[in-house]
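Enquirer: The lines below spell out each chain.
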Amino acid sequence: MSTNTTTMDFFAKNDKISNIWLILTLLISLFGVYGVFNVLINGHDVYGVTRTVPWGILISTYVFFVVSSTGLCLISSMGHVFGIEKYEVIGKRAVILAILTLLCGFGVIAMELGHPFRMMIYNIISPNFESAIWWMGTLYGVYLVFIIIEFYFLMKHNHKGAFYAGLGGFIAGISAHSNLGAVFGLLEARPFWHGPYLPIYFILSALISGTALILIIFNISYGRPSNLPEKAKNALTGLSKLFGLFLGIIIFFDIWKIITSVYGAPPEKYESVMALLTGQLSFNFWFFEVMLGMLIPFFIILFTKGRNLTASLIAAISAVIGIFYMRYDLVIAGQLFPMREPAPGAHVQSALQNGMVTYSPSFSEISIVIGALGFCVFLYLLAEKYLNLSE
Amino acid sequence: MSENSRALKLAEDNQKLANKRKKAKEKWGIVLDTSKCIDCKACTVACKMENYVPVGFYNYRIWVAEDTHYAKYPVISRSFQPSQCQQCENPPCVHVCPTHASYKTADGVVMVDSKKCILCKYCMTACPYDARYESHATEAIDKCTFCYQRREEGKDPACVETCPPKVRVFGDLNDPNSEVSRLLAYNEYTVLKPEKGTKPKLKYIK
Numbered sequence: 002m003s004t005n006t007t008t009m010d011f012f013a014k015n016d017k018i019s020n021i022w023l024i025l026t027l028l029i030s031l032f033g034v035y036g037v038f039n040v041l042i043n044g045h046d047v048y049g050v051t052r053t054v055p056w057g058i059l060i061s062t063y064v065f066f067v068v069s070s071t072g073l074c075l076i077s078s079m080g081h082v083f084g085i086e087k088y089e090v091i092g093k094r095a096v097i098l099a100i101l102t103l104l105c106g107f108g109v110i111a112m113e114l115g116h117p118f119r120m121m122i123y124n125i126i127s128p129n130f131e132s133a134i135w136w137m138g139t140l141y142g143v144y145l146v147f148i149i150i151e152f153y154f155l156m157k158h159n160h161k162g163a164f165y166a167g168l169g170g171f172i173a174g175i176s177a178h179s180n181l182g183a184v185f186g187l188l189e190a191r192p193f194w195h196g197p198y199l200p201i202y203f204i205l206s207a208l209i210s211g212t213a214l215i216l217i218i219f220n221i222s223y224g225r226p227s228n229l230p231e232k233a234k235n236a237l238t239g240l241s242k243l244f245g246l247f248l249g250i251i252i253f254f255d256i257w258k259i260i261t262s263v264y265g266a267p268p269e270k271y272e273s274v275m276a277l278l279t280g281q282l283s284f285n286f287w288f289f290e291v292m293l294g295m296l297i298p299f300f301i302i303l304f305t306k307g308r309n310l311t312a313s314l315i316a317a318i319s320a321v322i323g324i325f326y327m328r329y330d331l332v333i334a335g336q337l338f339p340m341r342e343p344a345p346g347a348h349v350q351s352a353l354q355n356g357m358v359t360y361s362p363s364f365s366e367i368s369i370v371i372g373a374l375g376f377c378v379f380l381y382l383l384a385e386k387y388l389n390l391s392e
Numbered sequence: 011m012s013e014n015s016r017a018l019k020l021a022e023d024n025q026k027l028a029n030k031r032k033k034a035k036e037k038w039g040i041v042l043d044t045s046k047c048i049d050c051k052a053c054t055v056a057c058k059m060e061n062y063v064p065v066g067f068y069n070y071r072i073w074v075a076e077d078t079h080y081a082k083y084p085v086i087s088r089s090f091q092p093s094q095c096q097q098c099e100n101p102p103c104v105h106v107c108p109t110h111a112s113y114k115t116a117d118g119v120v121m122v123d124s125k126k127c128i129l130c131k132y133c134m135t136a137c138p139y140d141a142r143y144e145s146h147a148t149e150a151i152d153k154c155t156f157c158y159q160r161r162e163e164g165k166d167p168a169c170v171e172t173c174p175p176k177v178r179v180f181g182d183l184n185d186p187n188s189e190v191s192r193l194l195a196y197n198e199y200t201v202l203k204p205e206k207g208t209k210p211k212l213k214y215i216k
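Residue numbers (this note's numbering), protein chains in the order written: chain A, 2 to 392; chain B, 11 to 216.
Because the hints were derived from the structure by calculation, they are not lab data. From a predicted model like this one, the values you see are computed outputs, not experimental measurements. Here a beta-carbon is modelled for each residue, glycine too, at the ideal position from N, C-alpha and C. Hints are supplied without guarantee of correctness; some may be wrong.
[What the hints assert, rightly or not] Chain B is faced by these chain A residues, among others (derived, beta-carbon under 8 Å):
1. P55
2. M120
3. N129
4. S132
5. M340
6. A344
7. A347
Kindly generate the complete structure, drawing on both the sequences and the hints.
Expert: Written out as structure tokens, the structure reads:
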């Protein structure tokens, strides 16, 4: 009998998730198989990355995934770690999506690394404690273990266990994620990234991704905002307000990042920021990052006061699309100023007339990105359909 | 033996040699007098030959860049800046490498242990000189090793040996009587991007 109740606790069928969506997202993820096979057969030449821009869209997509994961974990911890009862309802859904986004992020970075299996071995037997990538990778590993345990306890309604695992996940998540910021922030060679700004900014933008994704997934689970149960409505209304606040803070952060990079034209910072404002990344920056990512969702929340959950959902979708480009812009812009002047004979790869270099993702890279995003949605829908994620 | 397996064997032999020379007291460096450079690019060819650098326009360890401070006709001048890995004393690539694949030998040469390299390319983003590339031959990051295979015989690196006007002089910066130390004592010199704090061991005579 007892086994039966446990199974009942874990599994429950949600009829709101239609099989058509499952099949569709699975088909989209199959698109990624093209890129995976192409790189396994033909090697990293099929990627658009170069000697001058060694980190491309796969790195930025990895960042997008793990930012989402960390954000989901941080936001969900408000409920079962910090005891704000209102937010306890978001726990299970947020944590399962945190696990899935992290796994998809790991999948994407495994495709970007030349030797992912070698990484697992030498990360352990030859660790460099000075390396931000070592800390980032290792802490994300620890974080994954914590959030899996946390999810298990949440499903078991073990509040004490969920508290401790959640606290562990919270600490590991913050450490791992700020270390990811440090991966960029510790590079003296790249003035656009260098400094304490990125580790802080990454935590802030994780909070935005987290709130936006929670607003979206609750609407997926219940079909539409009007179907949401009262408890969820309360939590989401609160989250909408927080969402607006975080967006306001990130707009403030961005304004000062840009002013300090333009004022007095500090070398290399200036050129990188101008690539965003007027150069090769300007459409990405103004349309996706500024409009979709920040201004539209901010004003939607500002004018609806977060009380209209349909409007909040639109704001959240807009922000998530914008944030994807935000990550891309951040990773690429930092590398667009070449480390050597592209003079004749210097062989600076993919140099442009204006002294900058350029990068465009290859078809294989794009297919892996789309495949990973599709697969992540597929996994979430699957979890939503068959796991008991409601309280 | 294919070119690729030669390159791989060379990389492995250099690791063994670096292990063997753990007690080496030298600090290798190159002093360059760029005013002598005639842009013949013999150094870039010699480097590729000596180190089995894979074919490809952007697979290179060293380069000769033209200085772009052109004067206007009829007052014109032309000069060149040959360069390679700066073999920094404070190498950012070594700090950032998660698996110690990039490391500094006892005699101060920055090398890549190709077996440990996971190709995360962090070192490529950390290097302020764009001195590294992804090698198909070793399936790892590759870079200038000061022709480490020649250290036991005491021969100069290939780029130094082949240079017709003797732009580069190679030697032990720790030995006050070496030619490099003398050149540095008698001439004013500079390094590339000193503001990055990397302390390069490639010194350019002004």
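Enquirer: Against this structure, judge whether each hint is valid.
Expert: Evaluated hints:
1. P55: Interface hint status for A:P55: holds (4 Å vs cutoff 8 Å).
2. M120: Status holds, d = 4 Å.
3. N129: holds, 5 Å
4. S132: Result: holds, 4 Å to nearest chain B Cβ.
5. M340: Holds - the Cβ of A:M340 comes within 8 Å of chain B, reaching about 4 Å at its closest.
6. A344: A:A344 check passes; min Cβ-Cβ to chain B is 5 Å, inside 8 Å.
7. A347: holds, 4 Å
Violated hints are absent here; each numbered hint is respected by the structure.
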